[in-house]
Amino acid sequence: MPQQITIAVFSENKAGLLHRVTTSFTRRKINIESLTASQSEIPGIHRYTIVVEITPADADKLVHALEKQVDIQKAFWYANEEIIYREIALYKIRAEAMKDGSPLLEVVDRHHARILSVEKEFTVIQKTGRREATTQLFEELEPYGILEFVRSGRVAISRPMKELKDYLSELKVSSLR
Amino acid sequence: MSTKTKPETATPSNHITGSEAVVRCLLEEGVDLIFGYPGGAIMPVYDELYKYSDQIHHVLVRHEQGATHAAQGYARSSGRVGACIATSGPGATNLVTGIADAMIDSTPMVCITGQVPKHLLGSDAFQETDVMGITIPITKWSFQITEASEIPEVFAKAFYIAKSGRPGPVVIDITKNAQFGKLDYQYEHCEVVKTYVSRPEIGKNELQEAADLINSAERPYILFGQGVILSEAEEELKSLVEKAGIPAAWTILGLSAMNTDHPLNVGMLGMHGNYGPNVMINECDVMIAIGMRFDDRVTGNLDKFAKQAKVIHLEIDRAEIDKNVKTDVALVGDAKEVLSLLTPLVNTNTHESWHQRFKECDVMEFDKVIRNECDPTEGMMTMGEVIKNINQHTHGEAIIVTDVGQHQMVACRYAEFKQTKSNITSGGLGTMGFGLPAAIGAKLGAPDRQVIAVVGDGGIQMTIEELGVILQTDVHVKIVLLNNEFLGMVRQWQQLFFDKRYSATEMINPDFQKIAEAYKIEAKRIDDRADLDKSIEDMLNHDGAYFLEVMVGKENNVFPMVPSGAGVSEIRLE
Ligand SMILES: Cc1cc2nc3c(=O)[nH]c(=O)nc-3n(C[C@H](O)[C@H](O)[C@H](O)COP(=O)(O)OP(=O)(O)OC[C@H]3O[C@@H](n4cnc5c(N)ncnc54)[C@H](O)[C@@H]3O)c2cc1C
Ligand SMILES: Cc1ncc(C[n+]2csc(CCOP(=O)(O)OP(=O)(O)O)c2C)c(N)n1
Ligand SMILES: [Mg+2]
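From first to last, the protein sequence lines are chains A and B.
Numbers 4 to 180, taken from the numbering used here, label the letters of the first sequence in order.
Numbers 21 to 594, taken from the numbering used here, label the letters of the second sequence in order.
No incorrect hints appear here.
When the alpha-carbon atoms are kept at most 30 Å apart in a straight line, the in silico DSBU-like pairs for lysine-lysine are as follows:
{"#": "1", "chain 1": "B", "residue 1": "K138", "chain 2": "B", "residue 2": "K202"}
{"#": "2", "chain 1": "B", "residue 1": "K177", "chain 2": "A", "residue 2": "K168"}
{"#": "3", "chain 1": "A", "residue 1": "K77", "chain 2": "B", "residue 2": "K343"}
{"#": "4", "chain 1": "B", "residue 1": "K177", "chain 2": "B", "residue 2": "K343"}
{"#": "5", "chain 1": "B", "residue 1": "K327", "chain 2": "A", "residue 2": "K71"}
{"#": "6", "chain 1": "B", "residue 1": "K224", "chain 2": "A", "residue 2": "K71"}
{"#": "7", "chain 1": "B", "residue 1": "K346", "chain 2": "B", "residue 2": "K324"}
{"#": "8", "chain 1": "A", "residue 1": "K64", "chain 2": "B", "residue 2": "K324"}
{"#": "9", "chain 1": "B", "residue 1": "K224", "chain 2": "A", "residue 2": "K165"}
{"#": "10", "chain 1": "B", "residue 1": "K214", "chain 2": "A", "residue 2": "K17"}
{"#": "11", "chain 1": "B", "residue 1": "K574", "chain 2": "B", "residue 2": "K534"}
{"#": "12", "chain 1": "A", "residue 1": "K71", "chain 2": "B", "residue 2": "K330"}
{"#": "13", "chain 1": "A", "residue 1": "K123", "chain 2": "A", "residue 2": "K95"}
Simulated from the structure, these hints should not be mistaken for lab results.
This is chain B alone, in the form it adopts within the complex (with noise of 0.2 Å):
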């Protein structure tokens, strides 16, 4: 080593430790946000954290799952890749439920864990746990870096992973003596995997017959979903709807990729979803699926859904197609880019008479549903009311997010939404605690819009110590707690399915004002009707985080709800 004197603009030295090199990839690809909680096997990573604190801002969640649902309300807010890093062991598997909930919702994120030394792997050393093994199934793509020579091509490709093609999780394990060790830093954006395509080549053949079945169509129906949002093709959804007059149902998690209030959007799909979007799936002529993957909960008994119809599948991913619902017309590729072309080909058209269907179920969804939960004089306050009210002062311009049960299928029915990427939930895996840390990413990966968490009292105590983030970091969240004294989704199927045998749902709950004020969150706590529209509007005013906890009805139920194993059109009104 030479010791001769610095020159005088120093520019960062190259040959560096593996450590350095690992946050220098996370600046490259642009993130300037994690979150994640420190132990041995990755204090290497912290120390540099440290020095680059003015680069990239480190989050302290207090427990690692809230680290992972803090990085998918990021990705989900923001568009971005959500990052995440842990120790080794606990810390590790302390990721796994928010690993598998990226995985089964197509969440672009990257889980950073620390690892024992490569000569101690497999001697049951220390917080040694098998990271790799354990995540395999959950992740989109994993890899165990043990030469600090590795990082930068792994982290190049780690982040093209998870957000090309179909989004997801990525771990990459690093063992410590790769994190000290030195590499000749250099960095290159990864822009192909040998083994994987992105973005498939689209069939002009499949276009021009998807057209011409959108084309001689009497009652053609689209339901899309959260590819549209992954794919940001919101616009193209909307010419080819607006074009063709073609009614169109959103899943859960394609909530917000189209205005609530447009003409043609017909509502929510699925077990708890609007009455006409599901009866109609079994009368339309030609369904039109977009960015969506069939869920069980949005089909119901597969064997009495849409068997009358002609399908189009548009789906990135090749495995879904004719994976639940046979397809007569698949197009595989990017929305975007597939909506881009088939629109062009359809014809102009409004099928007003089959609109007209829609609309006459829904005068019956809002007699004997909608107006007794959103608009109740009397008795305990209804779920359904809080979010009307919500909607009231927020005009459609707030991320809702929620937790899962009842207070989540209500606020997904009943939220309305201006901008697209606004409405984040646990869909697919329906992990309890998701809410409060999710909503807290959300936050920060959408600073200057105003972000709303929509929680149960169960699922709050899954992560409530996440307040604590809220409390260190000043996060400006909005906590609406729905509080019904019940794990109420479970006690509503016990009401219905077992003769109400509430086996082990109903709670006794701690005070939650006192939790909040130990955080030093504003809070209050309201019992009657009286007081929701004035806490709301001193809530969403208040320059800072506030909680905010609705006493509602203990024995409501979500309505309407199509019963596990029945068909779509045997939705239940009551």
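Only chain A is shown next, with the shape it has when bound in the complex (with noise of 0.2 Å):
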């Protein structure tokens, strides 16, 4: 059964790098939901951490597909309770929505979001959890009149303890050809 699966790409950061990251993809018809690039832990090394929905089968099969790429050096899967995760929204509001006693500021104040910008014409609420919460504030927000939204890909940590360092000091190479 194909699930909501999310891989993360470790490699140097190279130009035409995102390209066959996404062609891995792309040629096996598989849609990308949301991808975000970042740094991670080790200098130099770029992850991309991106979801899709996969079965487990078709994860491992992309996984191994996008690591024999020679400048990725390493890709996992996991599936949701093998990780941590969050996406980042925001929503930009007229001002007037936003004016004292407007029931506004307990919705913001019940979804743990906050204000981050108060501007002459707008204010910026940003509201950081999983895709159904930062949803849910759209769907509770969208009565006042939302002039723009915009969600992050989703960024994840895994829960397992291992540390990259260690995968990639597993990469022993033998003899060079």
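Using the hints, put the two standalone chains together into the complex.
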């Protein structure tokens, strides 16, 4: 059964690499739900966090196909139980909707969202959480008029205690040819 | 700049242009032959090729696709990296088919393409095309050089990546400013790339598990493929096969890794392979796959493939393990290395009665298929009797290069081999037009060997312009055109699966004799069985290229055949 799977890809940051990463998905007609690129804990090593909906068996194949790319150092896949993950969402609301006494303040509070910026004509609300939580807030803000909405891709931290460094040192190379 | 007098023996300066650096990098990597076609964005490099022409032989092809296939043929007959070069835009896009072919068949190749100057990238400049974007999905690695100083390191890495691990094609796209720019040239060979494991470490436990499985097997069966040739593990394979007495079958790309007449070589796997090797897949108890990737032309329907067997898979590419066939023991590593560790752990055995099973199947296949195909006495000539006749004259010493279609299957089924690296064909991509240019490359890669291109009337017309290379470069390849005046392989499917509706498969062909003649190539056409033997002898004895056109039966079919979607045991003999 297809399920939500988070793939972490570690590589050096090189021009053209993102294309190599994404073609590994597109050629298998795997739709990328979200993709986030960032640095990792190791200097010079970049990390992509990619969310897809596939079976664990396909995830195995995909991870091996990614890993065999010359510029990719390591790739992992995780089921949702194996990671702690969040997305960040920003909501732009008309200033009038936020005036004193507005029920909106209560909504923001109840969702543990925060007011990121108050400008003359608008306010930006920030909410960090899982997809359901940011969506829930979206629905509650909608009646007040959302001028602009954006949500980041997923960022995820794995639960197992093994460090990337350990995996990398396991990649032993015997005689070189 | 000083104007002092030059020293007597001038060592080459190291402050050089990017384009000179390109040529010197090629020399560092042992490239003495390159296939290509010039054009605006690569002219500086061509100017250097001119100056270095005593050290690098440039072969002018007639279409860039021909350059890639020639480089592939060269790589596969010589075991070295094939090199080709083209200009930007259309020159680069013409390489695409050959790059894709080299990718799927794991052929080491480095392709150099010119590119518009850096400051014009993305401006829709004249002959600008996104070569990186186009080739990323079909290369093992690629890099766009925009500064001259990047050249040595990128070339070193490119050659290392192309030939190490599971080999494959690499593209280097070089902007024109980088060709004109200067650098302080220094070359260091690449021996490691941090993010890439070319030789995985072999698991000791897995080796023992594999040996235990083999030692306990009653009906063990080896399937081997091109990985054996790429790893140069032919001797190691033979030792294992002989010590443990295991019947071994080859994939099409594994052909010639063992002698055809070796008593334990049971023949060819797959859709048009031999009967026994297919049927026994579902009777063996331990299957040992070596350097082969369980292509769907080999496995047929996976749900009906070796379900009863324990599977050992020896592969250098971890991504191939469990991709198509579920493995019980994975031996991830280089075939030569792994086999040399595995064989000492296996027991001596013979498995006589198990071999007998293959022999019984061989008799059935001979009666139903081979006799008629290879020894017909009436009607039009058959492809099989032509190949058989070639065997009789070459004694299995020739390199057989094929195009794609029925003639390819027949050549692969019946050609005999006594040396490795002797079968060169487009397997995974099945690229029509591969044969002629690949044969030219194969001959240049193995000049002392007889190279025979077996081609169809359809495929040869896709790259027939490469006869021009034979004319200009005087390459002594022998071309055997098996002319059935049909796109035979497709016609066969139409006959069997589309009620003989021959949609767009009948060919009105040109006079091939006149074409060969126009290129000053000795040519002959025969349609009478009585002329076959003498014609093949004349062709082989002729000191030069030769074009032999053999008119064969128009509607002959290749059997046996595993119909698509069927299991390997459902192979049809007629
Ligand atoms: C019309 C047509 C019909 C065909 N019919 C058939 C058919 O009947 N039978 C058939 O067999 N094929 C057939 N083919 C070809 C088929 O499509 C595949 O190309 C072929 O089966 C692949 O063979 P392979 O797995 O040995 O080679 P490859 O595809 O080259 O795979 C080689 C494997 O070896 C591994 N390897 C590389 N180097 C090493 C090393 N150093 N150590 C260990 N492993 C290594 C690679 O990672 C790879 O997985 C047909 C093709 C066409 C066009
Ligand atoms: C470039 C390309 N186009 C189409 C095909 C599909 N195809 C496979 S075999 C074949 C027929 C080949 O005809 P011919 O070269 O005459 O060989 P024959 O089968 O008759 O021996 C075709 C069209 C292909 N493999 N490659
Ligand atoms: Mg034909």
